[in-house]
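S.K.: Residues per chain are reported as follows:
There are 4 protein chains.
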Amino acid sequence: MALKMDAAEISSFLYEAFPQVSGDFEIRDLQENYIEVVLVVAERHLRPGGTVSGPSMFGLADVAAYFNVLSMIGPKALAVTTNCSIDFMRKPIFGDNLIAKSKVLKLGRGLAVTECLIFSERDERPVARANLTYSLPRK
Amino acid sequence: MALKMDAAEISSFLYEAFPQVSGDFEIRDLQENYIEVVLVVAERHLRPGGTVSGPSMFGLADVAAYFNVLSMIGPKALAVTTNCSIDFMRKPIFGDNLIAKSKVLKLGRGLAVTECLIFSERDERPVARANLTYSLPRK
Amino acid sequence: MALKMDAAEISSFLYEAFPQVSGDFEIRDLQENYIEVVLVVAERHLRPGGTVSGPSMFGLADVAAYFNVLSMIGPKALAVTTNCSIDFMRKPIFGDNLIAKSKVLKLGRGLAVTECLIFSERDERPVARANLTYSLPRK
Amino acid sequence: MALKMDAAEISSFLYEAFPQVSGDFEIRDLQENYIEVVLVVAERHLRPGGTVSGPSMFGLADVAAYFNVLSMIGPKALAVTTNCSIDFMRKPIFGDNLIAKSKVLKLGRGLAVTECLIFSERDERPVARANLTYSLPRK
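Keeping their order, the protein sequence lines are chains D, B, P and U. Under this note's numbering, the first residue of the first sequence is numbered 1, with each subsequent residue one higher. Under this note's numbering, the first residue of the second sequence is numbered 1, with each subsequent residue one higher. Under this note's numbering, the first residue of the third sequence is numbered 1, with each subsequent residue one higher. Under this note's numbering, the first residue of the fourth sequence is numbered 1, with each subsequent residue one higher.
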């Protein structure tokens with residue numbers, strides 16, 4: 001299956017649709033069913049003590065999974081997040097960017113089911129795990 | 001069981017510990033096992049089209065449940081979010097603040113289990129449901 | 001909104017569609033958006049030590065939420081469980097039946113979102129919390 | 001890290017602790033952080049139409065993750081399931097056994113976090129995904 005959007009097209013889409021956050025994210029890898037997205041950690045993502053906030057990790061996982069689904073269904077389609085289950089497992093390494101590695105497990109007619117692990121750049125053990133489900137528009 | 005922190009004490013704690021976000025939230029009601037927290041919606045919480053962003057709703061649910069647990073175990077204790085499962089059910093009403101109504105279902109030795117519904121101010125139907133679990137420090 | 005099936009009709013439906021388990025469950029209360037279903041605990045539901053097994057509690061929550069949705073959309077419709085998030089909070093009381101109290105939070109065109117608390121008959125504190133989502137057939 | 005129990009020891013443990021279900025499951029592979037467990041599908045696991053029931057899949061995922069954790073912490077320890085989030089994605093293939101492939105993502109002092117995919121024997125696409133968390137006994 002050919003991708004309907006590549007990384008450059010998705011970055012442009014992000015820049016137009018979500019200008020407030022478009023500088024936060026970089027697509028590092030994009031394949032069918034798989035994506036890696038970096039959160040460029042800045043002051044506004046941090047909690048006292050230097051930990052990346054829960055909402056920032058949630059946002060990273062959502063962006064990564066959403067881009068992955070978009071690349072497979074195309075830009076016109078309106079996918080809506082219906083569920084996210086996120087487990088926070090370890091403190092991120094201070095000063096590291098975060099990387100979300102996300103897979104599409106099912107792209108059905110009505111739902112897309114994804115899974116995601118989030119890592120600090122310098123650690124192989126996951127910081128968080130986030131599973132997101134999207135409702136897809138019926139044709 | 002008497003609360004170990006009241007709403008004013010928690011607001012002070014929030015202001016000191018999380019100054020970046022302390023203006024976003026107002027405690028409207030606080031009882032044993034129950035809390036209502038308002039997200040004062042501002043431009044930075046919105047997505048294009050005027051919808052409150054997923055990370056903002058996640059943040060609201062986390063703050064509400066965290067405050068509720070804190071009020072029961074006291075300020076010194078360090079509760080850490082371990083899991084959040086959130087369902088997005090309806091679009092928030094444009095222009096409305098959001099209200100999280102959160103309960104503590106279990107306050108055990110090691111874990112606190114909570115549930116939360118989020119509403120637009122002018123609608124009785126929930127916008128989102130979020131369940132959060134916290135790991136509690138052992139004595 | 002009038003219910004499309006009452007408790008007797010659902011019990012008949014259960015008996016015909018799922019004869020293996022139909023003796024396990026009793027509908028105690030059924031209203032729009034709300035249901036109470038009893039699991040009549042038998043040897044086969046137990047783990048060593050007398051605790052009701054996780055799969056049995058999962059099955060109870062699924063049956064309760066499914067019946068509640070069925071009562072609102074009618075028997076012909078084929079609702080399929082897409083997600084369940086379940087928290088086990090306390091040991092059930094030995095010898096007690098279990099009661100699931102389930103609500104429909106959203107009955108949309110494509111998805112039904114429910115929540116459920118499970119109790120031992122003689123305790124007000126919930127044993128488990130289970131949230132189930134169903135994919136609904138499009139017309 | 002050496003395993004504290006191998007597959008034969010876990011099978012013996014299962015046989016003694018859960019005799020009612022011990023015939024249902026076979027350990028196919030066991031490594032540090034990883035396990036494969038087969039559900040030998042029988043009549044009692046099925047729903048009308050030949051689909052494996054939700055509770056049976058839940059039970060498989062729980063057994064697989066529990067064995068994996070046990071192999072790492074040893075038989076004396078009492079791990080308790082605190083949360084399971086399960087997504088049902090595709091119908092199992094009729095007549096196939098099911099295989100759970102489960103990983104331990106975090107083995108902390110208080111919690112073990114796992115993830116699991118369930119497959120029909122003759123299909124590479126997952127039937128279900130189940131994430132389970134266990135509370136571990138403090139020393």
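Don't read these hints as lab results, they were simulated from the structure. Ideal Cβ placement from N, Cα and C applies to all residues, glycine included. Check before you lean on any hint, since a few could be wrong.
Residues on chain P that point at chain B, a partial pick, calculated with CB under 7 Å [as the list claims (entries may be wrong)]:
hint, residue
1, S85
2, D87
3, I93
4, L105
5, K106
6, L107
7, G110
Residues from chain P that keep clear of chain U, each with C-beta distances beyond 10 Å, as calculated [claimed, not checked]:
hint, residue
8, S11
9, F18
10, L30
11, R44
12, D62
13, P75
14, I86
15, N97
16, L117
17, R122
S.K.: Hints first: check each against the structure and report whether it holds.
M.R.: Structure-based check of all given hints:
1. S85: holds, 5 Å
2. D87: With a minimum Cβ separation of about 5 Å from chain B (threshold 7 Å), the hint on D87/P holds.
3. I93: violated, 16 Å
4. L105: holds, 6 Å
5. K106: Since the shortest Cβ distance to chain B is 4 Å, the answer is holds.
6. L107: violated, 10 Å
7. G110: Cβ of G110/P sits 12 Å from chain B, so the hint is violated.
8. S11: For S11/P, whose nearest Cβ neighbour in chain U is about 16 Å away, the distance exceeds 10 Å, so it holds.
9. F18: Violated, because the least Cβ-Cβ distance between F18/P and chain U comes to about 7 Å, which does not exceed 10 Å.
10. L30: holds, 22 Å
11. R44: Contrary to the label, R44/P does not stay out of reach of chain U, its closest Cβ about 7 Å off (not over 10 Å).
12. D62: violated, 6 Å
13. P75: holds, 14 Å
14. I86: violated, 5 Å
15. N97: holds, 17 Å
16. L117: For L117/P, whose nearest Cβ neighbour in chain U is about 15 Å away, the distance exceeds 10 Å, so it holds.
17. R122: holds, 22 Å
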